[in-house]
Amino acid sequence: DVKVTQSSRYLVKRTGEKVFLECVQDMDHENMFWYRQDPGLGLRLIYFSYDVKMKEKGDIPEGYSVSREKKERFSLILESASTNQTSMYLCASSSFDRGWRNEQYFGPGTRLTVT
Amino acid sequence: DQQVKQNSPSLSVQEGRISILNCDYTNSMFDYFLWYKKYPAEGPTFLISISSIKDKNEDGRFTVFLNKSAKHLSLHIVPSQPGDSAVYFCAGRGSQGNLIFGKGTKLSVKP
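The listed protein sequences derive, respectively, from chains A and B. Per my numbering, the very first residue in the first sequence carries number 1; after that it's consecutive. Per my numbering, the very first residue in the second sequence carries number 1001; after that it's consecutive.
Okay, chain B solo, but in the shape it has when bound (with noise of 0.2 Å):
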C-alpha cells in the first residue's frame, strides 16, 4: 500500500519554462511535506519543505503547493534549468518523524 504516490517516472521540459512535479498521498497523518533532489550515485538532498498546515511555500524557483482536500502536492520550478535534471522525490513524514518517500520522477531539463 503505497502512501506517497509520484505517478509520472519522467518528465520533460523545455529550458526556461515550468516543471510541475506532482505527487499523491493517502495518509492524513503526515504533518510535513519534502521533497528530495537526488543526482546519480549521489545521496538526496533536501529541496524544499511545507507544513500540512500551510498551502504554500516558496524558496527561489521552488514553490510547494499543498491541497489538503485533494491530498496532492505539487513542486513548481520556474524558470527550469538543465542543472535542474535530476529525480525528485516527494515524502510525507509520519508520526515517528520517518519519512515515506514516493518512487520518484526524473525530470529532464532540456537546452
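Isolated chain A, as found in the complex (with noise of 0.2 Å):
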C-alpha cells in the first residue's frame, strides 16, 4: 500500500521563525513535490525533484526551499514564515515511469498558520 507521510498535520509558527516540513515516502519513488492548496486557487506546485540533490522551481518558490538528501525524504523550508504562508501544504511522489499510470501519490497535508 503505497504511503505518503508527512511530518505534522497542523503546525503553529510565529512569524520570522525558521519552519521546516518534512515529507517521507516508502514507494521509491524519483519524483516528490510540494504544492500548497488555498481557497479560490487549488494547488500550486512550490518545487520539486527528481532525484537525491537536484530541485527545480515551481510557480511559487519566493520564499521557500527544499532539500532532498535522502530519496525517501523530502523537505519543505520557510526560511523566515511570515503571514501570507499561512496554508495547507501537500507533499506527493510519483515515479518516473511515464506511463498512464503516472499519477502522483499525495500525503494528508500540513495545515500551517503563521501568527
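It is worth saying that the hints were derived from the structure and are not from the lab. Fair warning: there could be bad hints in the mix.
Derived BS3-like pairs: lysine-lysine, alpha-carbon spacing no greater than 25 Å straight-line [to be verified]:
(1) B:K1005 with B:K1037
(2) A:K3 with B:K1037
(3) B:K1068 with B:K1037
(4) A:K57 with B:K1005
(5) B:K1071 with B:K1056
(6) A:K53 with A:K18
Bear in mind that the values here come from a model prediction, so they are computed numbers and not experimental data.
Take the two lone chains and join them into the complex the hints point to.
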C-alpha cells in the first residue's frame, strides 16, 4: 500500500521563524513535489525534485527552499515564515515511469498557521 | 496565466443522476490529464487519467472525455452517490512530469 507521510498535520509558528516541513515516501519514487492549497487558488506547485540533491522551482518558489538528501525524504523550508504563508501544504511523489499510471500520490497535508 | 481552468467552483447534483465536471486547458504540450478527488483535511487521491492521444477512458462509474480540438475535458460520474461529494481537481501533466492543477470544483451530491 503506497504511503506518503508528512511530519505534522497541524503547525502554528510565529512570523520570522524558520519552519521545516518533512515528507517521506515509502514507494521508492524518484519524483517528489511540494504544493500549497489555498481557497479559490487550487493546488500550486512550490518545488519539485527528480532525484536526490536535485530540485526545480515550481510556480511559486519565493520564500521557500527545499532539501532532498535521501530519495525517500523531501523537506520544505520556510526561511522566515510570514503570515501569507499560512496555508495547507501537500507533499506528493510519483514514479519516473511516464506510462499512463504516472499519477502522483499525496500525503495528508500539513495545515500551517503563521501568526 | 492559468493553463488549466475549472470555471465552475461548485456543482450540486441529486443522488443517482449524472455529475459532469468540466475542465479547459491552454497548454497543447500536456501529454496526460488526470482527475483527483479531495476530501476536507485529506490529501488529494488519484481518480482517473487519460492520455492526450485518447478521447475517452472509463473506470467503473467514472468516465473522462477529452476533446483536443476544443482543449476541453470532462469527468462524468454515473450514477452519483453522496460519497462522491468532494472537491475535484483537473490536472495536466507537463513535459517535466509536473502536474498543473485547476482551482477545483466542489461537488455536492444530495440524497
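Do the hints match the structure? See the list:
At roughly 16 Å between alpha-carbon atoms, K1005 of chain B and K1037 of chain B fall within 25 Å of each other, so this suggested pair holds. For the proposed pair K3 of chain A and K1037 of chain B, the alpha carbon gap of about 17 Å is at most 25 Å, so the pair holds. With a CA separation close to 23 Å, the supplied pair K1068 of chain B and K1037 of chain B stays within the 25 Å bound. With a C-alpha separation of about 22 Å, the suggested pairing of K57 of chain A with K1005 of chain B holds against the 25 Å cut-off.
For the hint pairing K1071 of chain B with K1056 of chain B, the CA-to-CA distance comes to about 14 Å; that is within 25 Å, so the pair holds. Using a Cα cut-off of 25 Å, the hinted pair K53 of chain A and K18 of chain A holds, with the two alpha carbons roughly 21 Å apart.
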